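Engineer: Protein sequence lines, in the order shown, are assigned to chains Z and X.
Quick note, in our numbering, the first sequence goes up one by one and the last residue is 495.
Quick note, in our numbering, the second sequence goes up one by one and the last residue is 593.
Keep in mind that the hints were calculated from the coordinates and are not lab data.
None of the values given here were measured: they were computed from a predicted structure.
No residue lacks a Cβ here, since even glycine has one placed at the ideal position from N, Cα and C.
Fair warning: there could be bad hints in the mix.
Said to hold, decoys possible - Looking from chain Z toward chain X, a few residues come up when the C-beta cut is under 7 angstroms (computed): (1) His114; (2) Glu118; (3) Asn119; (4) His285; (5) Asp288; (6) Glu290; (7) Val461.
Stated by the list, open to error - Residues of chain X clear of chain Z, computed beta-carbon distances all greater than 12 angstroms: (8) Lys180; (9) Glu425; (10) Ser427.
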Amino acid sequence: MLKRKKQNKVDPHIRSLIKIVGEQEILYKPEDLISYDCDGFTVHKALPKAVVFPKNTEEVAALVRYCHMNHLPFLARGAGTGLSGGAIPLNNEVIITLVKMKQLLHVDFENRQAVVQPGYVNLKLTNSISDKGYYYAPDPSSQYVCTIGGNVAENAGGAHCLKYGVTTNHILGLEVVLPHGEVIEISREGAPDIPGYDVMGLLTGSEGTLGIVTKITVRILKSPQGKKTVLAYFDDVEDGSRAVSDIIAAGIVPAALEMMDKTAIEGVEAGTFPVGHPPDIEAFLLIEVDGIMAGLEEQIDQILEVCQSWNVREVKVAKSEEERSRWWANRKTGFGAMGAISPDYLVQDGVIPRSRLPEVLKEIEKISRESGLRIANIFHAGDGNLHPLILFDSRIPGETEKALQAGTACLKACADVGGSITGEHGVGIEKKEEMRFIFTDEEIDAQLDIRDVFNPYDLLNQGKLFPKPSRCMDVKKIVRDTVAVQS
Amino acid sequence: MDTQEHVKFKDIYGNRGRRLHEPVTEEEISELLTQARREGLHVAVESGGTKRGYGGANEGYDWTLSLKKYRGIVEHNAGDMTITVKPGTTIAELQRFLQEYGQQVSLDPHWPEQATIGGVISANESGPKRLAYGSARDHVIGLRVVYPDGRIIRTGGKVVKNVAGYDMNKLFIGAMGTLGVISEITMKLRPSLKYESLVLVSFPDGEEEKLRKLAVDIQDAMIEPVTLEMVTPKLSEKLTGTRACTLLVGFEDVERSVKEQEGWMTHHKPENAVLEILHKEDAEKFWERFAVTVPNAHAEEKDLCAVVKAGTKNMDVFTMMTTACDLGTSHLVDIEGHGGLGHGVSECVLRGQEGNVTAVIKGLRAEAEQKGGYVVIKHLPYHVREKMDVWGRKPGHFSLMEGIKKAVDPHGVCNLQRYIGGI
């Protein structure tokens, strides 16, 4: 009797959601929802209405149909590692989390494909096929925990996308639940160039605003025969960035070309995977080439020559796989390592034409000076993707705002040299306004027109990606309303 | 801008307008589309015109908007390895320009001297080297598009990595000009190749299975071919003088690496197969010949000639090629086919009597669809095309495509009915 009474108090929507996924697969009590109030972007927080854990596509579709019919805002979430707030339930959304759909469904070595569910962790794929000599190329730093579904939503990159491309270049087929609950399959067998508009390309990187991906066919690659990794220490950041340009100009396509500055090095050396970088250097480059072993020596010689011509202090080639792995662990945990030298940090994600690196670095230094906040730089130098990490202390009143402003200023510096405001972390809620740095209102409208085709009621991941008021029409309406109030 | 009445309006391939406009600026393109929309006119968009036999349920349009004269390099940033070009620039012109800087666009579509970058992007073309470098879709980083209402919209950007907003580039790549006119294309570049070779392995009749096995072994080995193209006997004869099923295994890297991989091939040559290696200029010349073996809308053909493209799983290309040969034999149709065993795209040239050619196309389509793939007709005269379904089965998400067309081109100004399902 008592139990029934308690049940009756539950929101009727929650009761309906329980009917779809079962009582064990839903969280709705406020204390259970707290860990879902943000993702990897922690500046904004909001509680969801509920968090549901569907086990298959049918349940996802049923949940979506329910939300659609009842005008409930909803969004999809993977591991919650996103850095731009794409999975934050700003509108009290129902969060459809895909972590229980985590199977590797099929591997076809002969056709170089693997089929995974969206909650499957990125690195697990490589780990499950590496004994046969295969791997999955996109390798975001969070790959040991982030999901491939999330990678599709964000069009994730990683250190090795310089040579191998980003997620969109490795997706062969998708199963998607559209915002009204219909399930579609794009290229079920992974055939290339299927006729018709490239809906798969559009969905990849749409930050969960056009549909919920429930099955993914990805391309797998044969592991290269050889890998050589070089670590080069520079006394001058500018020398390091000139070396980057010259390596590329020499006709080398490195698999990865990473750079870290002095503050970032201080962070990683205080973090979990220190490798003993000299404390007084200004920057290092981590350069990797891979391919047929016989061709690698020549490339390494060229790289060493370029580094020497730019006054490198010390340069070394990894002597073992163990040493190489240590260098990479040190680099890949770089963001988190900032926690060792600062109470809080904000990661930015600008992109610039590679050749403008020295001037943009100077500009970032100026932003740091003017804001009084330290900025560490970790970046994929090879493709011009900068990650300024703004170090701050949220306990000091006003410092969070100052950090956000400094982040915006960094993105403006990137946009001003013809770059972009995000290379791999996405716009989310973090960079919505900064979209205006690179797109006109008309161009943003053109994107909204496409969103409306998929998501006309804007119930799926509402309020993400686009600045507000986003449409010229909305602006006009607001102006009209303002005039009305004034008169 | 040049404007004239089309002398050959009723061309055998269709997709032509009564009046030909050849704008030379983006503003002119915008003005033309604005006027067309105002006057309710329908416009056929083309640049090199090689693909006029590709798609299109309309024999004629009010206008042709040709981008042939809207050509040239807008901006080349050698240090950033990016280039911005106008759509009427031919592939050959682009590669010649880049050669001076030791760079290239790693795309190897047919007819480089005639095909333009605008057309290649609009049809998402690729060649055998797609195996290593991807298709047109993988090279584009930014576009300027004149929307059908005259607006100029930029998509993507000028940097090689960018996820700001939707990946709108993808919408226009392969859209066959149905969503507006691409007026500028920014692409990422690669360094020119340092050394190349091409290993041709031919198999005697009846031993084609060995080709399949070799392709599997190559992919499983520690070598990195840039092509793994299977060529049917008739096409092989045209290219090499030997009528035999042939596998074209290309290598591009520093010389030491290429030589080592050639060594692997020699060591693993199947019994009875014939192996030949072409180096540097010889390999380059072979690929030049290869690129012009497929007919296009500029070439005169005696017999009825069709070109079809199939997309399947990688290794199903083998079955598509053998099926094409078998169907050709049984229907008295000449077949010249090739397909990438590592990328899943194959192509067949079919020559013969109309009924026979269409029967073979239907047979190939059935085979591809049964394998979860598709067949599209890339080149066919209008009078035959109008009786055929150029694009094949509509996908389950076709309504999204209709929605996209309606959102971008509600009045059907650009290339109306050129694409799948009549969009």
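Engineer: Taking the hints in turn, state whether each one holds.
Structural biologist: Verification of the supplied hints:
1. Taking 7 angstroms as the C-beta cut-off, the interface hint given for histidine 114 of chain Z is violated, the closest approach to chain X being about 12 angstroms.
2. Interface hint status for glutamate 118 of chain Z: upheld, as the beta-carbon distance to the closest one in chain X is roughly 5 angstroms, under 7 angstroms.
3. The restraint placing asparagine 119 of chain Z at the interface with chain X holds, with a minimum CB-CB distance near 4 angstroms, inside the 7 angstroms limit.
4. Interface restraint check: histidine 285 of chain Z against chain X, minimum CB-CB distance 26 angstroms, threshold 7 angstroms, status violated.
5. With a least beta-carbon distance of about 30 angstroms to chain X, the hint placing aspartate 288 of chain Z at the interface is violated under the 7 angstroms criterion.
6. A least Cβ separation of about 22 angstroms between glutamate 290 of chain Z and chain X goes past the 7 angstroms threshold, and the interface hint is therefore violated.
7. Taken as an interface hint, valine 461 of chain Z checks out: its beta carbon lies about 4 angstroms from the nearest beta carbon of chain X, inside 7 angstroms.
8. The Cβ of lysine 180 of chain X sits about 27 angstroms from the closest Cβ of chain Z, beyond the 12 angstroms cut-off, so the non-interface label holds.
9. Not every C-beta of chain Z lies more than 12 angstroms from that of glutamate 425 of chain X, the closest at about 8 angstroms, which undercuts listing it as non-interface.
10. Under the 12 angstroms C-beta cut-off, the non-interface status given to serine 427 of chain X relative to chain Z is violated; the minimum distance is some 3 angstroms.
In summary, the structure is inconsistent with hints 1, 4, 5, 6, 9 and 10 from the numbered list given earlier, while agreeing with the others.
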